[in-house]
Structures are given as C-alpha cells and as structure tokens.
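K.L.:
Protein chains in written order, with numbering that gives the first Met the number 0: chain A, 0 to 288; chain B, 0 to 333.
Since the hints were made in silico from the structure, they are not lab data.
There's no promise every hint is true.
[As the list claims (entries may be wrong)] These stretches of chain A come out as covered by chain B in the derived footprint (C-beta under 8 Å, 3 or more residues): (1) 92-99; (2) 217-231; (3) 255-267.
[To be verified] Some residues of chain B that are not near chain A, with every Cβ distance over 10 Å (derived): (4) L16; (5) L35; (6) R113.
Yeah, the Cβ is synthetic: ideal placement off N, Cα and C, and Gly gets one too.
In case you want the letters, here they are:
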Amino acid sequence: MPLDVYLNVAVGGLLTGLVYGLMALGLSVIFGVVRVVNFAHGEMMTIAMYLAITLFSVLGLDPLVMLVPIAAVLFVFGYALQAKLINSFITRPEHSQFLLLVAIAIILVNGLLIIYGPDARNVQTSYSFDSFEIGRLIIDANKLYAAFAALVVTALLFAFFRFTATGTAIRACADNHTGALVVGLDVKKLYALTFALGSACVGAAGVMLLMIFDVTPALGPAYTLLAFVIVITGGLGSMPGALLGGVLIGMTEALAGLLFQPSMKSMFTFAILVLVLLIRPQGIMGRRA
Amino acid sequence: MIGRILRDVPRRTLVLLACFFAVLAAVPFIAGDYVLTILILILYFAYTGQAWNILMGFTGYLSLGHALFTGLGAYSAASLFVHFGVAPWLGLLAAIPIAMAVAGLMGFLAFRFRVSGVYFAILTIAFAEFARIGFDHFAWVSGSSGLFLPVAQYAHNDLWRLRGNPMMFYYIILVATALAFLISYLLLRSRTGYFWLAIREDEQAARATGIDTFRYKMMAVMISAGMTSFGGVFYAFYYNNLFPEQVFHIARSIEIILAPMVGGIGTLFGPIVGAFVLETASEGLRVILEAFGIDVPGIKQVFWGFVLLAIVIALPEGVWPWIARRLGLKERGP
Numbered sequence: 000m001p002l003d004v005y006l007n008v009a010v011g012g013l014l015t016g017l018v019y020g021l022m023a024l025g026l027s028v029i030f031g032v033v034r035v036v037n038f039a040h041g042e043m044m045t046i047a048m049y050l051a052i053t054l055f056s057v058l059g060l061d062p063l064v065m066l067v068p069i070a071a072v073l074f075v076f077g078y079a080l081q082a083k084l085i086n087s088f089i090t091r092p093e094h095s096q097f098l099l100l101v102a103i104a105i106i107l108v109n110g111l112l113i114i115y116g117p118d119a120r121n122v123q124t125s126y127s128f129d130s131f132e133i134g135r136l137i138i139d140a141n142k143l144y145a146a147f148a149a150l151v152v153t154a155l156l157f158a159f160f161r162f163t164a165t166g167t168a169i170r171a172c173a174d175n176h177t178g179a180l181v182v183g184l185d186v187k188k189l190y191a192l193t194f195a196l197g198s199a200c201v202g203a204a205g206v207m208l209l210m211i212f213d214v215t216p217a218l219g220p221a222y223t224l225l226a227f228v229i230v231i232t233g234g235l236g237s238m239p240g241a242l243l244g245g246v247l248i249g250m251t252e253a254l255a256g257l258l259f260q261p262s263m264k265s266m267f268t269f270a271i272l273v274l275v276l277l278i279r280p281q282g283i284m285g286r287r288a
Numbered sequence: 000m001i002g003r004i005l006r007d008v009p010r011r012t013l014v015l016l017a018c019f020f021a022v023l024a025a026v027p028f029i030a031g032d033y034v035l036t037i038l039i040l041i042l043y044f045a046y047t048g049q050a051w052n053i054l055m056g057f058t059g060y061l062s063l064g065h066a067l068f069t070g071l072g073a074y075s076a077a078s079l080f081v082h083f084g085v086a087p088w089l090g091l092l093a094a095i096p097i098a099m100a101v102a103g104l105m106g107f108l109a110f111r112f113r114v115s116g117v118y119f120a121i122l123t124i125a126f127a128e129f130a131r132i133g134f135d136h137f138a139w140v141s142g143s144s145g146l147f148l149p150v151a152q153y154a155h156n157d158l159w160r161l162r163g164n165p166m167m168f169y170y171i172i173l174v175a176t177a178l179a180f181l182i183s184y185l186l187l188r189s190r191t192g193y194f195w196l197a198i199r200e201d202e203q204a205a206r207a208t209g210i211d212t213f214r215y216k217m218m219a220v221m222i223s224a225g226m227t228s229f230g231g232v233f234y235a236f237y238y239n240n241l242f243p244e245q246v247f248h249i250a251r252s253i254e255i256i257l258a259p260m261v262g263g264i265g266t267l268f269g270p271i272v273g274a275f276v277l278e279t280a281s282e283g284l285r286v287i288l289e290a291f292g293i294d295v296p297g298i299k300q301v302f303w304g305f306v307l308l309a310i311v312i313a314l315p316e317g318v319w320p321w322i323a324r325r326l327g328l329k330e331r332g333p
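Kindly generate the complete structure, drawing on both the sequences and the hints.
P.N.:
This is the structure we're talking about:
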C-alpha cells in the first residue's frame with residue numbers, strides 16, 4: 000500500500016481521536032473530582048446523539064449549532080443525577096456506586112431502544128461528503144469540523160478549571176476533600192457541577208461523533224468501555240492525558256482497521272490498555288496515587 | 000466435615016436449607032417445563048454468582064469480566080464435543096484448567112503489578128473483550144458464525160453426553176448450585192477463607208501480618224474462574240449454540256454479578272436469593288406486560304433497571320442480610 004493511504008488513515012484517526020478525547024475528558028473530570036466511575040458514560044453520549052438526530056430531523060439544525068443546546072441539556076441531566084442520586088452514594092463502597100450507575104445505564108439504553116428502535120441512524124449535512132486536499136492528503140470536512148469543535152470545547156474547559164474561581168474550587172475538592180470542607184466550600188454542589196460539566200463534555204462529543212459514525216442504542220456500553228480505555232491509557236483524572244489517550248486510541252483503531260480487519264481493531268486498543276495497566280498503571284500522563 | 004457443619008451452623012439455618020433444597024428437588028414432580036426452565040435460569044445465575052462471589056465477595060476484587068470464564072468453559076467443552084465427540088464431563092477436564100490458566104495469567108499480571116480497585120475491574124473487562132474479538136476470528140470454533148452442538152430428540156436422557164430434557168439439566172444445575180454453596184461455605188470457614196477476608200478488609204494490614212497476599216489472591220481468582228467455567232459448560236450444552244458476540248459480551252459479565260450484588264455481596268445465601276429475586280421479578284414483569292398486550296422491545300429491561308435502582312437505593316447491603324435479620328438468622332461473620 001502506498002504511504003499516502005497510511006497517512007490519510009492516520010490523520011483521520013487523529014481527528015476522530017480528538018473527539019474521543021473530549022468524550023473521555025468528561026469521564027476523567029468526573030472521576031478526578033467526584034471519585035465515582037461513571038459506568039453510564041457511553042449511554043449518556045448516545046442520548047446526546049439521539050437528541051441530535053431528533054433536532055436535525057425536526058428543525059434541520061446543523062450539528063455544529065446543536066452542540067450548544069444539547070451540551071446544555073446533558074449539563075442539566077448530569078447536575079440532577081449527581082445532586083439527586085449520586086451524592087448520597089459518595090461514601091458507599093465502589094461496587095454499590097457501580098450498581099447504581101449500571102441500573103441507570105440499563106434504563107438509558109433501553110429507553111432509547113423503546114423510543115428510537117434498534118436501527119442505526121445518522122445525520123447527513125450539506126458538507127457530509129466534502130473534503131479538503133492538502134497535497135496528497137485528503138481530509139474529511141466532517142472529521143475536521145468535529146475535531147476542531149472538540150478542541151474548542153476542551154480549551155474552554157481547561158480555561159474554566161484554570162482561571163475561574165469555581166474551577167479552582169472544584170480542583171480544590173479533587174485535591175483534598177476534607178480541606179475543601181474546612182475552608183467552607185459547598186462540596187456537594189461542586190460535585191454536581193462537575194458531573195454536569197463532564198456530562199456536557201460527553202454530550203458535545205456525542206453530537207460531533209454523530210458527524211463521523213452512525214448510532215444505535217446498543218453502542219452505549221461500547222462507548223463506555225472506549226472512554227475507560229482512553230482515560231486509563233491517558234491517566235485517570237488527567238485532562239491532557241484524556242486528550243492524548245483519545246488521539247492514541249483513535250489512531251490505533253484507524254491503523255489497525257487498515258492493517259488487519261476493521262472488526263479486530265478493538266483488540267489492539269485493549270492490548271494497549273493491558274500494556275499501560277501493567278507498565279504504567281497510572282496512565283501516560285497520570286500522577287501516582 | 001459434616002460434624003463440623005452440624006456444630007457450627009445454627010440449627011434454624013440448617014433446617015431452612017434442608018427444606019429449601021428438598022422443595023427444589025421435588026419441583027420437577029409438581030411443575031411443568033415452563034417453571035423448570037425458569038428455575039434452571041435462576042440456579043444458573045445462583046451458581047455463577049456464587050463462583051464470582053469468591054473473588055469479589057471474599058477477596059474484594061471486582062471482576063467485570065467473568066463472561067471470559069463461562070465463555071472459555073463453554074467453548075472448550077463444546078469444541079471438543081463437536082470435533083472429537085468428547086463427552087462434556089471429560090471436556091470439563093480441559094475446560095477447568097484452561098479457565099484457571101487464563102485466570103492465573105490475568106491474576107499474575109494484575110497482582111504482580113499491584114493493579115486493584117477500578118483498574119482491576121477494567122483489566123478483567125479488557126481480557127473478556129479481547130477474548131470476544133479473538134474468538135470471533137478463531138476459525139477452529141467457527142468464529143463469529145457460531146458453534147452449534149448437534150440437537151436431536153433423544154428418547155432418553157443421556158447424562159454422560161449431556162443430551163436430554165430440561166429435567167436432567169435442572170437436576171445437574173441444582174446439584175452444582177448446592178455443591179458451589181457447600182464449597183463456598185467450607186472455603187470461607189477455612190484458613191484460606193480468613194486470609195481472603197483479611198485481604199478484603201485491609202490488604203496492607205494483611206500483608207503486614209505475614210499473609211502471602213499474592214498467593215491467596217491468585218488462589219481466589221483461579222478457584223473462582225474454575226468454578227465459573229463449569230457454568231459455561233452447562234450453558235453450552237443447555238443452549239446448544241455459542242456465539243462469541245453473546246458468550247463473551249460484557250452484558251453476560253454483568254448478568255453474572257447482578258444476583259450476588261442484589262442478594263448481598265460476600266454472603267453465602269446472597270447469590271441464590273438474588274437470582275430468585277431478579278428472575279422472579281423479570282418473569283412477573285413479562286407476564287404482566289403480556290396480560291396488557293404490551294410488546295415493546297426494551298420495556299422489560301427499563302422496568303428491570305428501575306427495580307435494580309430501587310434495590311440499590313433502599314437495600315444497599317443486598318436483600319439477603321435484610322431477610323436474614325427479619326428471620327433472625329443473622330449470618331455469622333461476614
């Protein structure tokens with residue numbers, strides 16, 4: 000195969016990987032602060048994807064515009080979930096939290112199945128089949144826009160955590176839970192806000208991913224897994240790590256699909272996961288606990 | 000051994016257990032095939048849940064990939080049967096060591112590198128997913144097109160080759176569940192069992208008191224996997240078809256852990272009680288939905304999700320500890 004093919008596939012994987020990174024970022028932020036593993040992460044993303052499909056078929060909105068309202072809906076959903084349910088599970092053992100989120104995931108997947116049926120859906124925008132040519136490199140317009148939007152959302156999130164008082168307060172909760180309580184932070188509210196932000200991230204990622212892939216309700220668990228693999232590869236709780244992990248996994252999937260069989264691509268992502276867990280269990284960018 | 004059980008276990012518990020298994024043993028004479036197939040399912044989940052409980056409930060390591068071990072058991076025994084006509088009971092001699100070897104590898108990697116908590120859970124998922132995709136491309140077992148066991152109408156039950164009617168399968172899984180219960184009990188009351196509990200409660204403290212935690216964690220994961228693999232062999236010969244996409248799917252792993260989680264993790268009765276609660280709720284729901292003529296795919300699972308949600312919110316330690324307190328049978332120890 001000529002080198003161009005590899006290059007094109009690698010760049011496609013990189014762009015998809017940035018969107019994966021945003022999805023995983025949501026999981027990472029939630030785990031890093033709330034210390035709860037969101038086992039319904041992929042399911043929440045499929046909700047965003049189906050919301051996008053509904054908005055697209057009813058109002059004909061462009062996915063890049065829908066990004067904002069759908070992220071807002073997921074924000075509210077995440078806030079309510081943390082404030083009403085998960086906050087009371089913070090001190091419970093891990094497996095109890097896990098069971099709670101599995102129950103939520105089951106409800107979400109099958110709720111979508113009832114409403115939308117099992118068939119694969121997607122959106123066709125006016126630029127669905129456009130591409131840019133840079134020399135011998137051909138880039139899908141869809142993927143480029145999606146990756147760009149992912150970068151913008153990520154940058155906003157970074158800025159929020161770095162430069163705002165609330166962002167700093169949330170980081171304080173993550174660093175030292177007791178300390179945060181002592182200085183009078185409303186930790187439960189900040190947890191809810193964090194979960195809401197993580198949900199908004201995955202919502203935005205879902206809308207963008209819809210520009211690249213079809214969606215079925217059954218994809219929820221698969222995306223949950225993918226988000227885990229990315230976050231652990233990059234480092235749980237590390238924001239740059241999630242992005243890096245996303246790119247790494249995106250490119251691995253793309254190249255493995257090209258070199259072997261597309262159906263075997265996730266074997267390689269799991270192989271990477273196992274390697275990372277064994278060699279550097281805290282992840283590429285993670286700090287040792 | 001029997002003397003010790005009689006001495007250690009409260010009389011009320013023993014009587015209750017005897018009645019329970021006696022009723023279950025009598026069921027085929029009263030009930031039809033419909034009830035029997037549901038009971039087979041319940042006992043299957045009670046059995047696999049009991050096996051999973053050894054790792055999570057006793058040792059504190061959460062496995063979300065136990066479908067790997069049922070799958071390996073199912074495929075080992077079924078492929079030997081299909082290719083060489085090896086009877087499943089002999090196939091078990093391959094299935095159990097294979098599952099234990101893979102569990103040993105997984106455990107070795109995880110425990111050597113001190114992988115624990117959420118990371119351990121993800122590692123088990125990764126192994127199961129790896130196997131799922133690997134078996135999809137494993138031509139000897141027909142890959143993704145599925146492995147089928149010859150189904151024929153047998154005039155009589157062939158216990159040696161596991162070909163027969165639901166009643167035979169029912170008694171097999173009933174005996175297996177009773178044995179798994181007994182094994183779990185004996186393990187829990189043994190020196191090893193106490194070491195496991197020490198590891199579960201505080202691994203560092205356990206190591207400080209001189210327990211070879213690596214060795215006992217390896218034992219837990221391998222015993223659990225070996226027991227689980229029999230569940231897989233049973234599954235293969237009961238359902239007669241195997242697809243990697245179904246057998247190794249994460250949904251199977253989650254099914255396995257639901258019964259003990261709902262029933263009460265780390266308790267001996269938890270997996271059995273949980274399996275009964277979940278399957279009864281699920282069947283009851285099906286009957287109600289049918290009565291109202293509602294036939295929407297997914298609606299059953301949504302209700303089921305809410306049941307789970309209610310249980311996890313209202314009875315966080317599981318259903319069994321709650322029942323046990325009501326009956327005055329507080330399980331001693333864990």
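K.L.:
Each hint: holds or not?
P.N.:
Each hint tested on the structure:
1. 92-99: holds (count 6)
2. 217-231: It holds, with 5 qualifying residues against the three required.
3. 255-267: holds (count 5)
4. L16: Given that every Cβ of chain A is farther than 10 Å from that of L16/B, nearest at about 26 Å, it holds.
5. L35: 27 Å, holds
6. R113: 7 Å, violated
Violated hint: 6 only; the structure is consistent with all others.
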